[in-house]
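Enquirer: Okay, here's what each chain looks like letter by letter:
Number of protein chains: 2
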Amino acid sequence: MTQLINVNSRSYRLSSAPTIVICVDGCEQEYINQAIQAGQTPFLAELTGFGTVLTGDCVVPSFTNPNNLSIVTGAPPSVHGICGNFFFDQETQEEVLMNDAKYLRAPTILAEMAKAGQLVAVVTAKDKLRNLLGHQLKGICFSAEKADQVNLEEHGVENILARVGMPVPSVYSADLSEFVFAAGLSLLTNERPDFMYLSTTDYVQHKHAPGTPEANAFYAMMDSYFKRYHEEGAIVAITADHGMNAKTDAIGRPNILFLQDLLDAQYGARRTRVLLPITDPYVVHHGALGSYATVYLRDAVPQRDAIDFLAGIAGVEAVLTRSQACQRFELPEDRIGDLVVLGERLTVLGSAADKHDLSGLTVPLRSHGGVSEQKVPLIFNRKLVGLDSFDRLRNFDIIDLALNHLA
Amino acid sequence: MTQLINVNSRSYRLSSAPTIVICVDGCEQEYINQAIQAGQTPFLAELTGFGTVLTGDCVVPSFTNPNNLSIVTGAPPSVHGICGNFFFDQETQEEVLMNDAKYLRAPTILAEMAKAGQLVAVVTAKDKLRNLLGHQLKGICFSAEKADQVNLEEHGVENILARVGMPVPSVYSADLSEFVFAAGLSLLTNERPDFMYLSTTDYVQHKHAPGTPEANAFYAMMDSYFKRYHEEGAIVAITADHGMNAKTDAIGRPNILFLQDLLDAQYGARRTRVLLPITDPYVVHHGALGSYATVYLRDAVPQRDAIDFLAGIAGVEAVLTRSQACQRFELPEDRIGDLVVLGERLTVLGSAADKHDLSGLTVPLRSHGGVSEQKVPLIFNRKLVGLDSFDRLRNFDIIDLALNHLA
Ligand SMILES: [Zn+2]
Ligand SMILES: [Zn+2]
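Taken in order, these protein sequences are the chains called A and B.
Residue 1 is where the first sequence starts when you use the numbering used here, and the numbers rise one by one after that.
Residue 1 is where the second sequence starts when you use the numbering used here, and the numbers rise one by one after that.
Hints are supplied without guarantee of correctness; some may be wrong.
A few chain B residues that face chain A, going by a derived Cβ cut-off under 7 angstroms, partial list only [what the hints assert, rightly or not]:
#	residue
1	Gln34
2	Thr55
3	Asp89
4	Glu91
5	Pro107
6	Gly211
7	Thr212
8	Ala250
9	Gly252
10	Ile256
11	Leu346
12	Leu358
13	Thr362
From the structure, some residues in chain B lie toward chain A, with a derived Cβ separation under 8 angstroms [as the list claims (entries may be wrong)]:
#	residue
14	Gln37
15	Gln40
16	Leu44
17	Thr52
18	Ala209
19	Pro210
20	Asp249
21	Ile251
22	Gly312
23	Ala314
24	Arg345
25	Ser372
26	Ile379
27	Ser389
28	Arg392
These are computed hints drawn from the structure, not numbers from a lab.
Backbone N, C-alpha and C define an ideal beta-carbon position, used for all residues, glycine too.
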C-alpha cells in the first residue's frame, strides 16, 4: 500500500524509487535552450521522448532562500516565513538575518519524509542554506562549501571528500555546484536515499549569459549527471529557484537605481528605510543588487505620495503596498516593509550608493529578484499525469509532481 | 552660418561632416554587451573613450516599420501613421498593407534635408522599407535585396553590385545586412553624402541569441564597418528599431497564445478579429508571431468583458483600450483595433493556429513586438551635450542627437 504523508496541507505519496529533486540556482530557461542548441546537453535534448518539460512561476522576490524553502515546504513564504535574507524588526529597530531555522514557520517535506522512515539526503552548494533546509531533518545533510567538515554525527554521513574525489571547491566557482552533483551520485550509488534534494549556486549564471561557452560547459556538466542519475533508475525532477537577466546597458554598465539616495533627496535622511533582502554574506558577484526592494516609511512620509514618487522613477516596474504585495506574492506581512518596489527586467535596485561595493563586478551585472525572473523550468525524466488540477504551475509544486503525478 | 530645417515640429541643424545614422534591426542591447565580452567588437569596446552610449525606448509595437519611420521622421506613429505592416479598414472591411508611402502622414527628415540641398543616401536591407523611407526623397535610395536592379534614374546611383563587390545576398541571410554596410562604405568614400541612413535586417537576431558564435560574428562584422566610417571622419550614430527576446520554454518550444482561437471559443466565430501587425511577406523566421496584437470587436462583444477575458490569460502582459494604447504608445487611433494586447517577455501572440506556418522555425523562436523589447541602444562616436532637455530618450531622437547635440 502506498504510504502518504501530509505537510502544509498537501499530501505526498512516498516513492519506492529513489527520487532526486534538483534546484538549479538561477536557471533562466534560456540556459538550457541555448545549451541544447549548442549540442552540449544531449540528455536534456532527448528528454521529451521519455520525460516532461514544463514552465512554472517561482516565488517573488525571486531570490534563492525564499524559493528553496518554498520548494522543500511545498508552500509560499506566507506559510514558511522566509521572504529573503533579511527583514527589519520594527520592535528592535534592527535588520535581522533570516538564515537561521528559528525563522522558519513550517515543517519541511524533507523532515516529514524522514520521520515517515525514508532515507532523505540534502546537498547544498553554499552552507547558508543547509541550516534552513536541514531543519529537524534526521538524515544526510551537508554543503559542498564545508565538505571537509562533514561528519557522521552532525551530517549523517562521513568521508565525503574522499568519496567524491574532489577538493573543497571555492565558494565562488562552478566547481562548488559540480561537487553537489558528484556527492549526489556517490550517495545514490551507495546509500541510495529514497529522496534527495540537491541545490546548486548561481555563480555561473551571475557571470555568464545563456549560450556562452562558460554557461554551456556548466550545463554540459549538469547534463552528464542528470544522465547518470537517470541510468541509475532514479526519478529526476529539475527546477530553479529563479531566472536570471542582464541588468546592464549595451556596453555592460549596470542600470542601478539607488532608492535610498532618491528617497533621502525627496523626503530627507532617515525618513525612509530601503531594505534589500538579497543582501547576504556572499555578495561579491552581484554587489547585493537585485530587482526587488522593500521600503519602510516613517509616519511623516505619506504612503500615497511615496508610491507615486517611486512609481514615477524610470526603471521601476511596479510599487505595491504591503497588503498588495502580500496578496499578489503570498508573503508574510510581518516581514516586509510598507512598500515593495520591483525593478524592470534590465534594472536593479540599490539602497545608498555608498553601501554597495561594486568592486567584485568584474563582468557585466546579471541578477534577479523581480517578476522578470519568475519563469523557471520544471523538468522530469518521466511522463506526468493529472496536470489539469494545477491552475498555475509553481516551482514549489515540484515535489508534488515528482511524487504524485508520475504516469 | 548653421543652416536649420524644421520637420514635424522639431528643428535640425545641417551638419558639415558626413553623418551616418544606423538602425540595427532587432539589436537587443545584450548583443553588443556579449560581443564586447567575447572580444569580438574592439571598436565598440573602446568607444566610450571618445563617444557616448545611452539607452532609449523604441516605439511600441516594437516592430520594424513603425520604428524606422519614427527614426526618419523624429516623431511617433500618431504623427507619421505607420503603426505596423497592416491595419483593418473598417469601411472596406479589409486588412490593408501599410507598406506604401501613401499611408505615410508626415514628411521625413531625409526628404527635407535633400530639399535643403544636402546629399542624402538611404540603404536598406529589405526592399519593403525602401518605398517608405525614400518617400519624396531626391537622393540615393536602394535596398540590398534588389541591388541588382539599382539604376541612376530610380535610385540615384548605379553600378552598385560592382562597386560593392558582393553578389545580391539572400533575403534570409546575414550577408543582406553586410551588403548595406559595404554599400554605405562605398558611398561614403565616393559620393560622401552629407547624411546617410542605413537600416539592416534582424535575420541573425531572430535566429541567434546574444553571445552565440553567429551573433558575435555578425556584430564583429558591423564593428569593423563602424570603425571604417569613424576613420573616414563620419559622425556615426547607432540605434535599433526594437530589441529581441527568446519566446520559448527551456527546450525551445514557442510559447504561443492563439488569440483568435481563444476569442472564438469564448464569443463565437467572427465576433472578433485579431490582427497581427507584424505579418508581412517575409515571415519565415518568425512565423508572423510577435508579442503585440490588436483586436477588433463586433458590437455584440462587450469591451469590458473582452478585456477581462484577455487579461486573465496566462502569458498576456496587458490589455489596453484603443484610447489607452494611443495615449501610452502615441499611436494613430484610426489604424488600431478596439483593444491592444501585449504578450509577456517569453510569449508571442498568434491569431488562429491554422493561419500560422511554423515550418520555417528551424531554431527556437526569438521575436519582438511587446514592451519587453522596448529598450534599445543609442550609440555615438562623439561626446554629446544638452541631454538634460530629454525627459525620456527615444530611438527616434537619434537624428536630433546626432545633428544638434554633438559636443
Ligand atoms: Zn538563487
Ligand atoms: Zn525589426
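Enquirer: Should the hint that B:Gly312 touches chain A count as held when the rule is a Cβ pair under 8 angstroms?
Expert: 11 angstroms, violated
Enquirer: For the restraint on B:Leu44, tell me whether the closest CB of chain A is nearer than 8 angstroms.
Expert: 7 angstroms, holds
Enquirer: Please check whether B:Thr212 passes as an interface residue: C-beta within 7 angstroms of a C-beta belonging to chain A.
Expert: 5 angstroms, holds
Enquirer: Against chain A, with CB atoms and a cut of 8 angstroms, does the hint on B:Asp249 hold up?
Expert: With Cβ-Cβ at 5 angstroms, under 8 angstroms, it holds.
Enquirer: Is the interface hint satisfied for B:Ser372? The criterion is a beta-carbon contact with chain A at less than 8 angstroms.
Expert: With a minimum Cβ separation of about 7 angstroms from chain A (threshold 8 angstroms), the hint on B:Ser372 holds.
Enquirer: Is the hint on B:Ala209 kept, meaning its closest Cβ partner in chain A is under 8 angstroms away?
Expert: Interface hint status for B:Ala209: holds (5 angstroms vs cutoff 8 angstroms).
Enquirer: Tell me if B:Ala314 is really an interface residue toward chain A, meaning its C-beta lies closer than 8 angstroms to one of theirs.
Expert: Cβ of B:Ala314 sits 7 angstroms from chain A, so the hint holds.
Enquirer: How about B:Ser389: closest beta carbon in chain A under 8 angstroms, or not?
Expert: 16 angstroms, violated
Enquirer: Under the criterion of a CB-CB separation shorter than 8 angstroms, is B:Thr52 in contact with chain A as hinted?
Expert: Cβ of B:Thr52 sits 11 angstroms from chain A, so the hint is violated.
Enquirer: Does the closest beta carbon of chain A sit nearer than 8 angstroms to the beta carbon of B:Gln37?
Expert: Given a least distance of 7 angstroms, the restraint on B:Gln37 holds.
Enquirer: Would the stated hint for B:Leu358 survive a check requiring a Cβ distance to chain A of less than 7 angstroms?
Expert: 17 angstroms, violated
Enquirer: Given a cut of 7 angstroms on the nearest C-beta pair, is the interface hint for B:Gln34 held or broken against chain A?
Expert: 6 angstroms, holds
Violation of the numbered hints given earlier is confined to hints 3, 4, 5, 10, 12, 13, 15, 17, 22, 27; the remaining hints are satisfied by the structure.
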